[in-house]
Every structure is written in C-alpha cells, then in structure tokens.
Amino acid sequence: MAHASSRTFIKHYRPRRHTGLQEVMCGIDPDEELSRAVTRMSRWIDKRRPRYLSDAEKASVEKDPELQSAMREQVELEDRYARTGDPALRALLEQQKRNVDNTRRRLRERRRKEIRRDFSRKQAVIDIERQLTGGAVNDEPAREVLRKEFAMPPEQIFLVETFFTWPTSDSLEDEWVRRNKATAAATQYCGFREGGPLRGRPKRPASDDETQVADPPAKKQKTQKRPTVSAWENKLAAIKEKVAAEKPSACFQCLKEYSDVYGVKRHFKTLHLQDRKCNFCDLSLQHEMHLRRHAQDVHRLLT
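Quick note on numbering: the working numbering labels position 260 of the sequence shown as 260, and the sequence is numbered without any gaps.
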C-alpha cells in the first residue's frame with residue numbers, strides 16, 4: 001500500500017479479533033510476537049539477490065581505467081624508490097597504495113550496487129509476469145531450477161506448478177477450475193513412490209553366551225596418538241598448497257594458516273617485514289621493498 005513501513009498495516013488494517021490459541025497456550029502475547037515477526041528485517045530479505053561479486057566481475061573491475069592509472073602510478077613510485085631510496089618517496093608510495101586499495105574497493109562496491117539494481121528491476125518484471133499468468137512455475141527456466149537445485153522429479157514439479165498459483169479473475173468458475181487442477185494433481189501424485197523408510201540395524205539372534213550376565217567391560221584408557229611421519233607430510237603438503245594458491249591463506253615465511261588472504265597480509269606486515277630472507281624459496285633479499293616485491297610477484301601477497 002506504499003507505506004513507509006508495515007507498522008501502518010499492523011496498527012490500522014490487521015484484524016484484531018482472533019483467538020490466538022497457539023500463542024495463549026505458549027504464554028506469549030499474540031500481537032507482540034506477530035508484530036515482531038512481520039517487521040523483522042530478515043523476513044523480507046530476498047535470498048536470490050546477489051550479495052558478492054564473482055571472480056569474473058572482480059576481474060572486470062581490475063580493468064577499469066581509473067584503477068589501472070592508479071596502479072601504474074604506484075609501480076612508477078616503487079621503481080623510483082628502489083633506484084634512489086629517497087625517504088620522501090616512501091610516504092608518497094604508502095599513500096598511493098592506500099589510494100589504489102580505496103579505488104578498488106569503491107569500484108567493486110559500485111559494481112555490486114549496479115548488479116543488485118539490475119537484478120531488482122529484472123526480477124520485479126519476472127515476478128509481475130508470473131502473478132499475471134497466475135503461476136509461480138510458469139516457464140521452463142523455473143522448472144529447470146527445481147530440477148537442478150532441488151532434484152525434483154517431474155511428478156513433484158507438476159504438483160508444485162499446480163499448487164503455487166494465484167487467482168487471475170474474480171470469477172467463481174475460474175476459482176473452481178484452479179482448485180480442481182490442484183486436486184487432480186495431488187490425486188495423481190498419490191501413486192508416486194517417494195521412497196520407503198530408512199533401514200535400521202538388522203537384528204542378530206542372541207547366542208547362549210550372550211544370555212548370561214556378562215561383566216561390564218573395563219574402561220579403556222585414553223592414549224594420546226602421536227602423528228606419524230606421513231601425517232606430518234600430508235599436513236605440510238596441504239599448507240604448501242595454501243601458500244601456492246591464487247589467494248594464499250598461509251604465510252610463506254612461517255607456514256601459519258589463516259581463514260583468508262587478509263589475515264595473512266596483517267600477519268606478514270606485523271611480523272615479517274624485517275626479514276631479509278624468504279624461507280619458502282630460500283632466497284636472500286637486501287631491502288624491505290625487495291621482500292614486498294618478492295611477496296607480490298612470487299607468492300601473490302600484495303602488501
């Protein structure tokens with residue numbers, strides 16, 4: 001009804017004469033709980049709406065002229081600082097790095113908003129067309145989603161297609177036709193076998209020895225298992241795969257694992273910028289900028 005929030009509907013339009021038997025039995029206030037349920041933000045979140053950028057969309061952001069210009073300026077400052085070692089260039093270089101990160105973050109956020117806005121417009125048209133046709137599953141793409149994401153057989157898809165419908169006219173005859181179609185689909189689905197109950201553990205015949213009362217088994221002492229050499233090798237190989245990944249989630253200096261690449265960056269900046277040797281590559285380095293460049297070029301860790 002084009003109100004700013006659903007409070008107007010709750011206060012003026014919702015019927016107040018209802019038994020609320022379930023709420024009374026549970027000892028809660030029916031009006032308060034229903035109001036909270038209707039006005040809760042998570043109630044209206046569309047889970048189909050894109051939330052994050054894909055790898056292809058992030059790659060398209062990297063090709064933006066504004067970001068490319070900022071990255072070229074950063075590379076030029078890095079080269080000048082590596083040649084001259086001027087301390088004044090150090091502050092400019094750090095500022096340019098922050099500028100590149102901020103530009104990348106801003107462009108990604110703008111791209112994400114564009115994708116979400118386009119999805120909202122297209123999905124609104126799709127939803128309106130489905131309401132006008134009278135069915136939620138009215139085309140082949142919707143049936144394909146049920147087949148792939150929910151693994152529904154054709155019988156279940158036909159049942160959903162006839163159940164999830166809306167009235168398209170005020171005619172009582174049309175409403176009877178809609179009801180009869182749903183009833184016929186449910187009757188047809190009754191002959192479809194969905195699968196039997198899960199099998200339990202097969203019963204074993206009791207032997208003569210088991211009929212006698214046996215002594216309770218002695219408690220097993222918990223022994224700490226030591227990892228074998230193969231287990232250590234497998235663990236080390238898994239960590240090396242994380243170091244060699246496109247977005248490393250483990251530090252190449254101390255092999256410490258993190259949940260994402262941003263944790264590795266924070267750890268590396270805090271503990272390893274004073275190092276002058278790459279432990280992973282067994283390579284000696286002269287300056288901090290050499291270490292940063294080696295981390296970026298070889299280990300894909302931009303610091």
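In short, the hints are calculated from the structure, not lab data. Since the model is a prediction, treat every value here as computed from it, not as a measurement. Some hints could be false.
Said to hold, decoys possible - Label pairs and their in silico Cβ distance ranges:
# : residue 1 : residue 2 : range
1 : R7        : E149      : 18 to 24 Å
2 : F164      : A231      : 50 to 56 Å
3 : T8        : K47       : 25 to 31 Å
4 : A231      : R117      : 46 to 52 Å
Unchecked claim - List of simulated lysine-lysine pairs, PhoX-like, C-alpha gap at most 25 Å:
#  : residue 1 : residue 2
5  : K63       : K265
6  : K269      : K256
7  : K242      : K269
8  : K58       : K97
9  : K265      : K235
10 : K58       : K235
11 : K235      : K247
12 : K256      : K242
13 : K58       : K242
A virtual CB, placed ideally from N, CA and C, is assigned to each residue, including glycine.
Here is how each hint holds up against the structure:
no.: 1; hint: R7 - E149: 18 to 24 Å; in the structure: 35 Å, violated
no.: 2; hint: F164 - A231: 50 to 56 Å; in the structure: 52 Å, holds
no.: 3; hint: T8 - K47: 25 to 31 Å; in the structure: 26 Å, holds
no.: 4; hint: A231 - R117: 46 to 52 Å; in the structure: 51 Å, holds
no.: 5; hint: K63 - K265; in the structure: 23 Å, holds
no.: 6; hint: K269 - K256; in the structure: 14 Å, holds
no.: 7; hint: K242 - K269; in the structure: 19 Å, holds
no.: 8; hint: K58 - K97; in the structure: 18 Å, holds
no.: 9; hint: K265 - K235; in the structure: 22 Å, holds
no.: 10; hint: K58 - K235; in the structure: 31 Å, violated
no.: 11; hint: K235 - K247; in the structure: 19 Å, holds
no.: 12; hint: K256 - K242; in the structure: 10 Å, holds
no.: 13; hint: K58 - K242; in the structure: 21 Å, holds
Taken one by one, the earlier hints fail for this structure at numbers 1 and 10, listed in ascending order.
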